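*Asks:* Below, each chain spelled out in residue letters.
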Amino acid sequence: MKLFVLIRREYLERVRSKTFILSTLVGLLVIVALSFAPAIMDKISSADKSQIAVLEQSGEVTRYLAEHLQDKLPNGDREFSFQAVTAGKSDWADKRQALIDELIAGKISAFIEVSPPESPAGVIWHAKKIDMGGASTKVKTVLQQMTTQQRIQASGLSQAQLGAIFAPVDFKIQTEGLKAKTTEQQAENMTLVYFLLFMLYFSLIVYGMYVANGVIEEKSNRVMEMMVSTVDPTTMMAGKIIGVGAVGLTQYFVWIGTGLGLLALKGRGIPLLPGMTLKLSTIDPLYLLYFGVFFILGFLLYAALYAGIGAMVSRAEDTNQAVSPLTFLIVIGFMLAMFSLASPDNPWIVGLSYVPFFTPMVFFSRIALTHVPPLSVVLGIMDMLLAILLLIWLAGKLYRAGVLMYGKVSWRDMLRVLRAR
Amino acid sequence: MTLELVSVHKSFGSKRVVDDLNLTIPKGEVFGFLGPNGAGKTTTMRMILDIIRPDSGQITWQGKSVSLETARVFGYLPEERGLYPKMAVADQLRFFARLRGLSASAAEKQINYWCERFQLGELVTKKANELSKGNQQKVQFILAILHNPELLILDEPFSGLDPVNVELLKAAFHDIASSGKTILFSSHRMEHVEELCNSLCIIDKGIVVAKGPVGTVKAHTGRQIIHLSTTGSLAFLTEFPVDMSQARSARNGQRTGEPEEVQEIEFDLPPGIDPQAILRSAMAQGEVKRFEIGAPSLNEVFITLVGGQQK
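Quick mapping for you: the protein sequence lines, in order, are chains L and C.
Position 69, counted from 1, in the first sequence is what the numbering used here calls 69; the numbers after and before it change by one each time, with no gaps.
Position 273, counted from 1, in the second sequence is what the numbering used here calls 273; the numbers after and before it change by one each time, with no gaps.
Treat the hints with care, since some could be wrong.
Dumping the calculated BS3-like pairs for lysine-lysine here, alpha-carbon to alpha-carbon at most 27 Å [stated by the list, open to error]:
#1 C:LYS109 with C:LYS181
#2 C:LYS170 with C:LYS133
#3 C:LYS127 with L:LYS18
#4 L:LYS107 with L:LYS128
#5 L:LYS49 with L:LYS72
#6 L:LYS140 with L:LYS107
#7 L:LYS397 with C:LYS15
#8 C:LYS64 with L:LYS2
#9 C:LYS218 with C:LYS181
#10 L:LYS2 with C:LYS109
#11 C:LYS218 with C:LYS289
#12 C:LYS64 with C:LYS181
#13 L:LYS107 with L:LYS89
#14 L:LYS107 with L:LYS95
#15 L:LYS129 with L:LYS72
#16 L:LYS89 with L:LYS128
#17 C:LYS109 with C:LYS126
#18 C:LYS133 with L:LYS18
#19 C:LYS181 with C:LYS170
#20 L:LYS18 with C:LYS126
#21 L:LYS18 with C:LYS86
#22 L:LYS2 with C:LYS127
#23 C:LYS218 with C:LYS205
#24 L:LYS72 with L:LYS43
#25 C:LYS126 with L:LYS2
#26 L:LYS129 with L:LYS95
#27 C:LYS64 with C:LYS27
#28 C:LYS170 with C:LYS127
#29 C:LYS64 with L:LYS397
#30 C:LYS86 with C:LYS133
#31 C:LYS181 with C:LYS27
#32 C:LYS27 with C:LYS218
#33 L:LYS2 with C:LYS86
#34 L:LYS128 with L:LYS49
#35 L:LYS2 with C:LYS181
#36 L:LYS129 with L:LYS43
What follows is a set of in silico ranges between Cβ atoms, one per label pair, in the way DEER data are often shown [unchecked claim]:
#37 L:PRO374 with C:GLY57: 54 to 62 Å
#38 L:LYS18 with C:LYS27: 46 to 54 Å
#39 L:LYS18 with C:ASN37: 36 to 44 Å
#40 C:ILE207 with L:GLN321: 36 to 44 Å
Hints are computed from structural coordinates only; laboratory data are not their basis.
The model shown is predicted, which means the values in this text are computed figures rather than measured ones.
All C-beta atoms in this analysis are idealised placements derived from N, C-alpha and C, irrespective of residue type, glycine included.
Please take these sequences and the hints and turn them into a complete structure.
*Replies:* Okay, structure coming up:
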């Protein structure tokens, strides 16, 4: 009953606050922007058409390039168009000068000199800019391929022999013990886990600070004195933590709901990073469930820590410094989880995933990426629950003691408080 | 049915804040708790509420050691604000009422009654930090009494209130006291204490310097004050010998509306002197408008007891 009153206050006061409404809206905006960003990026890169002139003697190279370099832009147009400019030894220099003028005037994006008179075996790429791994590299690769073929043919091998030489090895990846059956699926799972880990990381820090600030607010306004003489500190702590947690969940429902909706609308998925695409079809509802479980557990654990630290701080300005050890713990947990993305079965990772501070992030990534026996999952969750109960009780004690601690609180003071009844 | 403190000690570090405090406050009494700043009043109140615990000694309410359990039937008004600054006043009142176990409808009834009585009106929809200090104080007082507590502990309830609000609060005091509740309050305003209390206690540096019914405390110093108004000269007083440097006098006839010049003086009766002799001498000098022998005001007693020691 009292717990409910406390939770209600925490929840309503926060959900009604400008900060909450604003941050939820900003988050929504980011999600919507993220889902439309690929389309916008496509539009921008679609303007990247390359008009390439090829200065050569026969026009043969141009045909080969046009045939073998058919990269498409996101909007379906071809990225490269080649235009042959044939010249003999006599008019080579004039044609080249004309092309240079065109290039500088911006009429073409680049031009290639194939076997110019001064170096018969060479190719020169003329461009206004130095591009990294872009058009010049692609053209070079195709030309290399062309030359190799010509040379092999010149050596007298038959087409069949050629085919045999270039036949690729039949290399398949078949994973055992991993959740995903194929590499693509694994990559997609990793994308999802990566994304959710990031959310977990942020929310632990953000909502943890909510709790710490809530405690400090009560302390600096002496509401704490009223509270301590009304409810027992463990109930107080539990109410505050659950209330703020419910606020976090509300925000997530809004965000994840919108995110899933957008994903459903856009069947082909949202690329978060190059090579990491989030698709609705790959989201296993079980992951979201586990995410929920570990979000709640992780939040409870860190919220208790944040609340305990908040109780020891007396001035709002000192908060950031005081909570920095917790930020460290969360960052370490996040790094371990990142590492576990690559090797979820590393014995160190497995061991550390049972350390309550790291469990929410590391265990979550392990569950999502590899087979964890159900017993271990239960063990991991129980282990966290135990730590949470202990920490909430501890935070309650610190809160109770923190009422009268104004000014600097030493570790010795804290220990004395904890030893008292 | 009493609050009892038996040889309570409390130190913060090496500083003794409360030293061997013994108090008994019977049910239904209005008890004034006086002392200069830093005397240990707030600490004592916090110990009664079990916010902090004494180093030694016992505090009991109706025979039971104070704890969170007993604190639930106490109402508390802390000296500094104990309000959520950004929460609407009405929500705040509802929250604390519910937290103290009132049903939603009972809470609403109490809140409406007290808000009306304290003329808060539209202010209840505002956030606490948008209210003036006096209005916050009224809200804080309502918070303390919403759940109809058996013992009301008020730390400086009158601070920041204008005279109109002081009267509202005094009336509430009377009502609460006459319904059999016990009130323990601290104040620096002696006239409030004198007017409201049955008994009181003055502490200084954690030690009780005087306690008992108001009359007893006022007689505590053994001083007698003579108040004299006369049209005659006051020069004769030096013969008694009255310490004129300690006397407070006024030469002012307008106050009583009398045409002739009246001199008023208030002084300590010198030890061993018969006040009647002073009266006779005064009558020989001129017309005596007023002659009064009385105990010093609480204010003076307080200054004598506490201020004297500081010198």
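*Asks:* Name the hints, by number, that the structure is in violation of.
*Replies:* No hint contradicted; all consistent.
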